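Asks: Chain by chain, the residues run as shown.
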Amino acid sequence: DTAVSQTPKYLVTQMGNDKSIKCEQNLGHDTMYWYKQDSKKFLKIMFSYNNKELIINETVPNRFSPKSPDKAHLNLHINSLELGDSAVYFCASSHNRGTEAFFGQGTRLTVV
Amino acid sequence: AQTVTQSQPEMSVQEAETVTLSCTYDTSENNYYLFWYKQPPSRQMILVIRQEAYKQQNATENRFSVNFQKAAKSFSLKISDSQLGDTAMYFCAFMNPQTGANNLFFGTGTRLTVIP
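Protein sequences appear in the order of chains A and B. The first sequence begins at 6 in our numbering and counts up one residue at a time. The second sequence begins at 9 in our numbering and counts up one residue at a time.
Here chain B stands alone, though its shape is the one from the complex:
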């Protein structure tokens, strides 16, 4: 199984500020996919952003962007202009499409609190 590590169990950020969540992973594959999912108190798992390993350009989705460092096996999430609604658990996830299954391997999550 793949290993995904999120070294920050909890983080907080002031509203309107920027915060970066860290994620590293371990794989010998060259082609894979990385995701950030958000889980607010409602428990729903919501996709935030997706990155294909073969793409050098970092993915962005509005206020969310990633810093994908393939050689370092690092995939951090930057949230700009933080909003109260960003308060949630954030999970980094890895997918290896070569296995024939699309199952995700998740990190342990980072609990983010946005402070008014």
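If we strip away everything but chain A, and leave its shape as in the complex, we get:
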């Protein structure tokens, strides 16, 4: 059973399009996250959600919006995609403070 699953694994789309990446966790965790890994492999937090409330929103363009229909899901919607949005996006979840985050397998987004 996959603990944190993301779909799709690969996404190729044109500039200006709107796309979504889905994430689901079956670990019963309280908090879910989205991280972005750029072409240099640097990982940076984008959003975190705890009990359906946004806890932190780093300096991410408002074209990116997280949507959490329930505790087990945190989807990422991206509007008006730009070339610079090309990256690998990771969903993750964790239980309590200080516990490790479990990551999904990542979604490689390529904007052409």
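Think of the hints as simulated: they come from the structure by calculation, not from any bench. As the structure is a prediction and not an experimental result, all values here were calculated from the model. Among the hints, a few may not be true.
Said to hold, decoys possible - Only pairs whose alpha carbons sit at most 25 angstroms apart, straight line, appear in this in silico SDA-like list of lysine to any residue: (1) A:K41 x B:T32; (2) A:K46 x B:Q14; (3) A:K46 x B:M97; (4) A:K41 x B:I123; (5) A:K72 x B:F113.
Please arrange chain B on chain A, whose structure you already have, making use of the hints.
Replies: Showing chain B alone in chain A's frame:
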């Protein structure tokens, strides 16, 4: 934001040998958590080891151990008896539980190659 520094972009080690990956961090907090994550070519992020700052004892997980020096803000990873499957990117990460969020701050990573 916290700063995590990994000064070794690439390293290599002979199979069965031991290698140490360096990590330093900057924080004014006293209570925090440190992690090493492994990212093989499959892209999956895998937790290797975890250390609580309030614990003086260094964490160990089989062939993986850390040297946690709180005063020096250093958190190095030692891999003993290196195996081909250890070839991966290794990321050091910092978490401050006081912020109310559990988000991780990552270093830039070290690419480790295990040579047969």
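Asks: The structure should be examined with respect to each hint, and the outcome stated for every one.
Replies: Cross-check of the supplied hints:
1. A:K41 x B:T32: Status holds; Cα separation ~22 angstroms.
2. A:K46 x B:Q14: Roughly 13 angstroms between the alpha carbons, so the hint for A:K46 and B:Q14 holds.
3. A:K46 x B:M97: 9 angstroms, holds
4. A:K41 x B:I123: Given that 25 angstroms is the threshold and the Cα spacing comes to 30 angstroms, the pair is violated.
5. A:K72 x B:F113: 23 angstroms, holds
Checked against the numbered hints listed earlier, the structure breaks hint 4 alone; every other hint is satisfied.
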